[in-house]
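*Asks:* Below, each chain spelled out in residue letters.
Number of protein chains: 4
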Amino acid sequence: MTGAVLSALRAQESSSGVTDTARLLVSCADRPGIVAGVSRFLVERGANIVQSDQYSTNPESGSFFLRVVFHLPGVSARLDELSEQFAVEVAQRFGSDFEFHDAARPKRVAIMVSRYDHCLLDLLWRTSRGELPMEIGAVVSNWGDLRDEVTRFGVPYHEIPVTRATKATSESAQLDVLGGGRYDLVILARYMQILSDDFLRRVGCPVINIHHSFLPAFAGAGPYERAKERGVKLIGATAHYATADLDEGPIIEQDVTRVSHRATTRDLVRAGADVERSVLQRAVRWHCEDRVLLHGNTTVVF
Amino acid sequence: MTGAVLSALRAQESSSGVTDTARLLVSCADRPGIVAGVSRFLVERGANIVQSDQYSTNPESGSFFLRVVFHLPGVSARLDELSEQFAVEVAQRFGSDFEFHDAARPKRVAIMVSRYDHCLLDLLWRTSRGELPMEIGAVVSNWGDLRDEVTRFGVPYHEIPVTRATKATSESAQLDVLGGGRYDLVILARYMQILSDDFLRRVGCPVINIHHSFLPAFAGAGPYERAKERGVKLIGATAHYATADLDEGPIIEQDVTRVSHRATTRDLVRAGADVERSVLQRAVRWHCEDRVLLHGNTTVVF
Amino acid sequence: MTGAVLSALRAQESSSGVTDTARLLVSCADRPGIVAGVSRFLVERGANIVQSDQYSTNPESGSFFLRVVFHLPGVSARLDELSEQFAVEVAQRFGSDFEFHDAARPKRVAIMVSRYDHCLLDLLWRTSRGELPMEIGAVVSNWGDLRDEVTRFGVPYHEIPVTRATKATSESAQLDVLGGGRYDLVILARYMQILSDDFLRRVGCPVINIHHSFLPAFAGAGPYERAKERGVKLIGATAHYATADLDEGPIIEQDVTRVSHRATTRDLVRAGADVERSVLQRAVRWHCEDRVLLHGNTTVVF
Amino acid sequence: MTGAVLSALRAQESSSGVTDTARLLVSCADRPGIVAGVSRFLVERGANIVQSDQYSTNPESGSFFLRVVFHLPGVSARLDELSEQFAVEVAQRFGSDFEFHDAARPKRVAIMVSRYDHCLLDLLWRTSRGELPMEIGAVVSNWGDLRDEVTRFGVPYHEIPVTRATKATSESAQLDVLGGGRYDLVILARYMQILSDDFLRRVGCPVINIHHSFLPAFAGAGPYERAKERGVKLIGATAHYATADLDEGPIIEQDVTRVSHRATTRDLVRAGADVERSVLQRAVRWHCEDRVLLHGNTTVVF
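Chains as they are written, first to last, in the UniProt record's numbering: chain A, 1 to 302; chain B, 1 to 302; chain C, 1 to 302; chain D, 1 to 302.
Hints listed in this document are in silico derivations from the structure and should not be mistaken for laboratory results.
Certain hints may be false.
Chain D is nowhere near these chain C residues, computed Cβ spacing over 12 Å in every case [as the list claims (entries may be wrong)]:
#	residue
1	V88
2	F98
3	E159
4	P161
Sample of chain A residues lacking proximity to chain C, with all beta carbon distances greater than 10 Å (derived) [to be verified]:
#	residue
5	L200
6	F214
7	K228
8	H261
9	T299
10	V300
Taking beta-carbon pairs under 10 Å as the criterion, some of the chain D residues facing chain B (in silico) [claimed, not checked]:
#	residue
11	G137
12	V140
13	R262
Every residue, glycine too, gets a C-beta built ideally from N, C-alpha and C.
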């Protein structure tokens with residue numbers, strides 16, 4: 001591709017059709033007429049529906065999920081007004097949950113990390129070159145190792161040590177940085193501490209975690225050593241929303257990479273790191289593009 | 001999975017929510033209000049929209065594609081009536097092309113094949129066990145080799161030899177079997193003869209072809225030998241709609257499989273056969289589920 | 001590829017350089033000079049080493065694995081003689097286990113199956129067209145459903161019902177068919193009964209099993225239902241040697257296929273069936289080509 | 001994995017069994033006794049063969065390729081001596097080409113790049129954390145854009161502009177930096193200028209190039225735009241040795257990633273960038289581990 005084409009694409013990117021564009025997410029019990037109701041609401045306000053995805057778990061008595069991307073001049077300033085009107089005119093009638101999102105506003109994101117840098121650096125690098133629709137406002141770590149890497153990107157680095165004794169205090173300190181509605185998303189980019197239910201409740205935004213995965217799974221310590229002992233041929237990773245049970249939340253994305261008997265445990269660790277960073281950045285991208293809806297303990301990814 | 005669960009699934013399959021269900025495909029220049037117009041049309045007739053997918057090439061002046069699956073008691077008997085009404089009330093207003101399809105009616109399919117049986121047998125086998133929503137009414141081959149395999153499935157086998165001299169005559173004989181609106185789809189399951197533009201025009205239904213693919217491509221004869229000489233690491237296949245330029249039509253699905261330097265040309269051929277049958281059956285499934293819309297020389301696959 | 005080329009390849013296949021060819025598998029504690037010792041043994045007898053793969057778990061005190069394919073006129077008649085000489089001249093000195101295999105002799109294989117036909121039919125079909133270096137001598141099932149499919153391929157079908165009460169008697173009946181050194185390999189092509197340790201000991205040959213796999217794993221009943229509830233994005237399969245703990249033996253091959261939230265449980269089951277048959281046939285091929293060596297609870301696949 | 005395990009692995013890495021270890025690559029026309037000859041040569045000198053891979057294109061009159069990794073105290077200081085002896089005692093007898101490589105010595109690498117940073121940064125990052133067995137001694141670019149990114153890693157950045165008029169002069173300036181046996185490998189990490197045959201001859205070491213790949217291929221300008229117009233479902237990349245015909249050299253590694261009709265051209269470019277950097281780092285790793293042997297216009301990758 002020529003530099004000219006690239007510049008053109010970068011230009012297209014900077015204003016990539018997201019100004020004057022918003023996204024509406026709707027979920028409720030399936031009811032006749034909901035799609036018509038939603039689209040009428042938007043069209044009556046002069047919106048042009050750019051993209052619409054719908055998923056219904058079954059025709060009779062299932063759950064209903066809708067993602068609509070629409071173009072409407074000046075929509076950024078009208079989201080509150082639209083929300084109030086939608087609540088009255090549509091949501092009450094269909095008993096639906098809904099969210100309006102301004103496509104022009106990058107998500108405000110904070111990252112928690114321990115000592116592995118592969119996921120963190122990939123997110124910093126992609127964000128810095130405009131590949132991910134988000135702004136990284138803070139990195140919180142229980143170690144100091146990655147301070148220089150992070151500050152180089154102009155992102156504040158908060159070192160908050162965690163020990164069994166200080167866990168409660170540490171989580172308060174973390175919440176001082178991450179809580180209070182400052183962020184739309186917290187990413188656990190290989191953060192090796194268990195977060196308490198209380199923390200997850202109080203942080204006040206979704207939390208995405210990345211976790212190695214194998215077929216079969218190897219719970220507990222030394223998973224790569226045990227995968228090596230079992231002779232697995234695939235090393236995988238799973239990105240999911242963090243829940244009380246840290247590694248059991250709704251899955252957003254998964255992928256695997258092949259390994260052979262020649263791979264050392266160290267090779268497995270490196271292969272795992274590559275698939276982890278790749279899976280995490282896809283899950284984060286989809287979340288920041290408002291493509292992921294929760295459905296019980298699973299997800300709908302539009 | 002227990003046999004009980006399997007039986008349950010098979011039962012669910014036989015009547016898998018497709019009775020009283022229809023699919024509507026719409027494509028046109030993007031215009032405000034089209035989604036609302038379509039959904040209002042359906043809802044006013046008591047339809048419940050089960051699934052809706054939409055794609056718009058760009059917010060300003062692009063093309064618009066919509067697939068709606070809806071549930072409406074007795075819809076099978078009302079498709080002509082719905083089409084007439086839709087033409088007047090919606091299609092004319094938005095200048096859109098559209099098709100209604102009865103989800104309960106399997107597609108009527110014919111298969112053309114030469115001597116390779118891998119794609120043909122996979123389609124026959126999957127259809128015989130209810131895995132593909134289609135009925136295979138005829139197999140046409142320029143060879144007799146596969147007659148027994150085909151007739152064993154209760155499918156008529158038409159051997160129509162083709163030579164350069166007899167090509168025109170042969171195509172007429174083929175059209176006697178395949179033409180006249182008898183079929184909704186013709187599948188080229190490794191049919192090694194070039195079909196004339198005239199044949200493609202007169203057959204009167206879409207034609208899906210499967211073709212080996214490599215990175216890079218090797219046009220012309222002996223592609224596997226040349227892939228071996230170049231040391232390719234991936235062997236692929238492409239399923240596409242056949243056009244005048246046989247291997248250049250809109251792509252429906254593609255996939256690849258890995259090979260190493262140890263693979264002989266024969267291994268490459270076998271690997272290619274496996275990926276061909278896998279890619280073809282996916283493309284055929286999606287077409288028979290009315291998931292594929294044409295967009296110039298590309299496809300929208302919902 | 002032209003029919004000519006195919007015929008050529010088929011011809012090459014029938015006598016595909018395997019006549020006068022044998023394979024030697026060696027495993028032992030790593031010791032200096034073992035490769036030189038083995039290759040000298042073969043070269044002194046006029047063998048030409050066609051292929052040689054070696055794996056050593058670590059340079060110091062590890063395990064050593066070697067697979068040598070060699071060409072030697074009349075080797076088929078000399079395997080016993082070679083074994084006796086190798087035992088004295090090489091194996092005793094290095095304390096190694098070893099096996100000589102005649103590459104021209106297809107493996108004698110029996111298949112156990114319950115009611116799912118996808119893996120069984122794929123193995124029958126590939127074997128019938130010379131794609132797998134094996135002969136299927138018997139199919140044993142605890143159900144009668146698949147009798148016609150099997151006998152059509154000229155393979156005897158043994159229906160041996162299994163109930164909790166009759167399990168011991170049934171296994172004896174199964175061993176009457178499968179035991180006594182009649183077979184080189186038994187394949188569990190979705191055989192849904194647990195086999196006793198006693199059966200595995202007495203059957204007297206390796207047993208390969210195919211098993212669905214997910215990230216994470218879902219042990220116990222209804223795995224596809226639970227995978228659906230968790231929203232997994234990958235459906236996989238694992239082929240492994242059966243051990244006392246049926247689903248925990250050394251892994252030979254694994255693979256996965258992608259699914260989305262739109263996939264019904266039935267779609268997951270079908271996707272799983274496709275990856276199961278694909279993984280099983282690769283594992284069976286590699287075993288029948290003497291490419292798989294056991295290393296504790298893992299495998300070395302050359 | 002615990003930090004302890006990681007530290008252990010990192011320790012294992014720093015001295016990862018590569019000290020006192022060398023690699024021998026041999027290629028020649030296949031001849032009986034070559035494996036025995038090579039292994040006897042090594043064993044007689046007290047070497048312990050750690051790993052041995054062999055590939056023979058066919059048993060009769062084919063080409064033969066061998067990679068042997070062996071452990072021999074003090075081997076780093078004896079490579080010249082071993083080479084001279086091997087030439088006389090083995091290579092002459094079998095007419096073979098051969099190379100000895102010290103596994104403890106990282107490859108000396110230079111990178112050429114234009115303006116795309118994704119491949120370059122991934123190589124700099126992996127090298128800086130000891131993931132690739134190489135040292136990057138210089139980055140040469142026809143633009144200045146990436147100077148800061150490169151110098152931050154302590155690597156000299158040479159900006160050498162290239163215009164049609166100055167091409168010959170520019171190549172001389174590039175050869176002043178890259179030639180003279182300073183480097184074992186030159187990597188074209190998205191270097192967008194055609195290199196002359198003369199340059200490739202005079203640079204005096206292998207050159208690895210990364211190139212986007214599609215099924216089918218789209219030669220010439222705007223490949224992503226044309227892939228979009230054709231509706232390709234797979235975006236790929238090929239890493240190969242550069243030859244006079246820049247994009248036609250022996251292939252080392254390839255991979256693909258899936259895209260849908262929803263992907264914009266910009267999405268295709270980003271997906272292509274991700275697969276390019278992943279494929280290039282694998283190809284570079286294998287080359288630096290002396291795993292890649294040339295075979296005509298293809299490669300043997302052990």
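*Asks:* Hints first: check each against the structure and report whether it holds.
*Replies:* Here is how each hint holds up against the structure:
1. V88: Holds: least Cβ distance 19 Å, greater than 12 Å.
2. F98: Answer for C:F98: holds, closest chain D Cβ roughly 17 Å.
3. E159: holds (44 Å)
4. P161: holds (45 Å)
5. L200: holds (19 Å)
6. F214: violated (7 Å)
7. K228: violated (8 Å)
8. H261: violated (5 Å)
9. T299: violated (5 Å)
10. V300: Violated, since 5 Å does not exceed 10 Å.
11. G137: Hint violated; D:G137 Cβ to chain B Cβ min 29 Å, cut 10 Å.
12. V140: Violated. Min distance 27 Å.
13. R262: For D:R262, the interface hint holds, since the closest Cβ of chain B sits about 6 Å away, which is under 10 Å.
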